[in-house]
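K.L.:
Listed below, chain by chain, are the residues.
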Amino acid sequence: MKANQVIIGAGISGCSIAYHLAKKGMKNIVVVDKSYLTSGATGRCGAGIRQQWGTEANCILAKKSIEFFETAKEELEYEGDIEFKQEGYLILATDKPELDRFSKNVKLQNSLGIPAKLLSVEESLKIVPYLNTSAFVGATFCQTDGHLNPFKMTEAFYLAAKRLGVQFFFFEEVKEIIVENNKITKVITDKHEIDTSVVVNAAGGFAKEIGDMVGIDIPVFSENHEILVTEPIEKIQGPMLMSFTQNFYCQQVPHGSFLMGRSTPNQVHSHDISSSWSFLDEMAKTICHIAPKIGELRVIRQWGGSYNVSPDKQPIIAEAENLKGFYIACGFSGHGFMFSPMTGEIISNMILNRKNEISPDLFKLNRFSEKELNAVEQSVV
Amino acid sequence: MRDDKIIICRCEDVTLADVKRCLEEGYTNFEDLKRQLRVGMGPCQGQTCSALIQREIAKFTHKAMKDVPIQKTRPLIIGVELRAIKDGAIDES
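So the sequences go chain by chain: A and B. For the first sequence, the positions run 1 to 381 when my numbering is used. For the second sequence, the positions run 1 to 93 when my numbering is used.
Next comes chain A alone, as it looks inside the complex (with noise of 0.2 Å):
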């Protein structure tokens, strides 16, 4: 068979693509995942969507992909319900440096059309009373943030693609890519051989194996981050609660539970996702101290996924450049799905040689050999 593009996963990040690649008029478009939709990182993910970063380029892909969501039912004509609210993060500073870092972060996010503000202590027990007032000095507030629900989200941007014709193969696995004479020429799966000259990695956890198929050294790894779910209770809760100092986010879903999560120290790079015991002991402990209110609910599940961390936490969306037609969308570093709307802006107009409106410079894969490394992400969990 034949394709225009071969899309590798079928997560958050591929089903936009094809989505955008589809509605800008492209046929032929496939896309394969070894597994079920949303199975890697995306249906793991911690449902929260958030502008108040430190660095320009992920403030401006954050500011632009909530603007999308926001219409992102009626655009995407989707029937069920995504699940979306835009009641806040509210992100605590536990010290006066980081309070410091935090005021300078809001006035990049100012400067960029992000309406974050600096809340003192009191202001922010009116969004959130039951806060352990000792647990921090301030914190940083922006209401246009929020949550999506990730499968429902997903399954919009893949029902959409459908309907204009793109076909996804799942529970099929990517093999070989055929590289002739510094050209893609086909892609192997264990149930087709497509021929095609452009593909686009959208593995997640696994995004480093498939540029390795064509000998595409990508700068990222995975690791796994762990998370619970609470029992659903009435809503108490707004906005999204997170500290960087104390290693947690913390929300009450629409459907009435909390989902929280913190990453691990000193984790190992591989592709385990497994839960652990000393995981939820640190969750239960760090919750406890934040909010004791919440550690009345009870934790009925826990799971993993893989976080798949570039050098400077800031993705990789871009055209190999010793590869043409190699597309690599990956190293979100924990944040692809909250970026998704973004990622397939920017590689559709990539593969349709149209102009973006962000400098492709920001996420190109040669950069973390260059000199001047782009300012390093230090907003994330």
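Derived from the structure by calculation, the hints contain no laboratory data. Don't take each hint at face value.
Claimed, not checked - Pairwise CB distance ranges, derived in the manner of DEER restraints:
1. 3/B to 322/A: 53 to 61 Å
2. 72/B to 101/A: 37 to 45 Å
3. 359/A to 3/B: 52 to 60 Å
4. 69/B to 359/A: 44 to 52 Å
5. 359/A to 4/B: 47 to 55 Å
6. 27/A to 17/B: 32 to 40 Å
7. 135/A to 4/B: 44 to 52 Å
8. 276/A to 25/B: 29 to 37 Å
9. 134/A to 4/B: 47 to 55 Å
10. 70/A to 26/B: 50 to 58 Å
11. 6/B to 118/A: 47 to 55 Å
12. 6/B to 272/A: 34 to 42 Å
13. 369/A to 25/B: 44 to 52 Å
To be verified - For lysine-lysine, the following BS3-like pairs were computed, each having C-alpha atoms within a straight-line distance of at most 25 Å:
14. 66/B to 34/A
15. 72/B to 34/A
16. 63/B to 191/A
17. 34/A to 63/B
18. 72/B to 152/A
Backbone N, C-alpha and C fix where the C-beta goes; we use that ideal spot for every residue, glycine too.
Fit chain B to the given chain A structure using the hints.
P.N.:
Frame of chain A, contents of chain B only:
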């Protein structure tokens, strides 16, 4: 009895009609149904619904039940309060 009166998942109020609609839409494995309908995600963790849904998938896909995987089993076995986990924790720091 009507399919929309038969509760398959008591935690999330999912009916047999919901399950059949998703099967018709092409979601024919348990993990997909879980993400569409929340079956297996409630406090009982699929202990009530998983065999019922496995049978519906088997019927729809003309497979034997033993060939239809159910959802991944994840900890915890029963719900435990976060503060109970904290209080029972050994602080090694």
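K.L.:
Each of the hints needs a verdict: does it hold here or not?
P.N.:
Hints versus structure:
{"no.": "1", "hint": "3/B to 322/A: 53 to 61 Å", "verdict": "56 Å, holds"}
{"no.": "2", "hint": "72/B to 101/A: 37 to 45 Å", "verdict": "39 Å, holds"}
{"no.": "3", "hint": "359/A to 3/B: 52 to 60 Å", "verdict": "54 Å, holds"}
{"no.": "4", "hint": "69/B to 359/A: 44 to 52 Å", "verdict": "46 Å, holds"}
{"no.": "5", "hint": "359/A to 4/B: 47 to 55 Å", "verdict": "53 Å, holds"}
{"no.": "6", "hint": "27/A to 17/B: 32 to 40 Å", "verdict": "36 Å, holds"}
{"no.": "7", "hint": "135/A to 4/B: 44 to 52 Å", "verdict": "48 Å, holds"}
{"no.": "8", "hint": "276/A to 25/B: 29 to 37 Å", "verdict": "35 Å, holds"}
{"no.": "9", "hint": "134/A to 4/B: 47 to 55 Å", "verdict": "52 Å, holds"}
{"no.": "10", "hint": "70/A to 26/B: 50 to 58 Å", "verdict": "29 Å, violated"}
{"no.": "11", "hint": "6/B to 118/A: 47 to 55 Å", "verdict": "53 Å, holds"}
{"no.": "12", "hint": "6/B to 272/A: 34 to 42 Å", "verdict": "40 Å, holds"}
{"no.": "13", "hint": "369/A to 25/B: 44 to 52 Å", "verdict": "46 Å, holds"}
{"no.": "14", "hint": "66/B to 34/A", "verdict": "22 Å, holds"}
{"no.": "15", "hint": "72/B to 34/A", "verdict": "17 Å, holds"}
{"no.": "16", "hint": "63/B to 191/A", "verdict": "21 Å, holds"}
{"no.": "17", "hint": "34/A to 63/B", "verdict": "21 Å, holds"}
{"no.": "18", "hint": "72/B to 152/A", "verdict": "20 Å, holds"}
Violated hint for the displayed structure: number 10, the only one.
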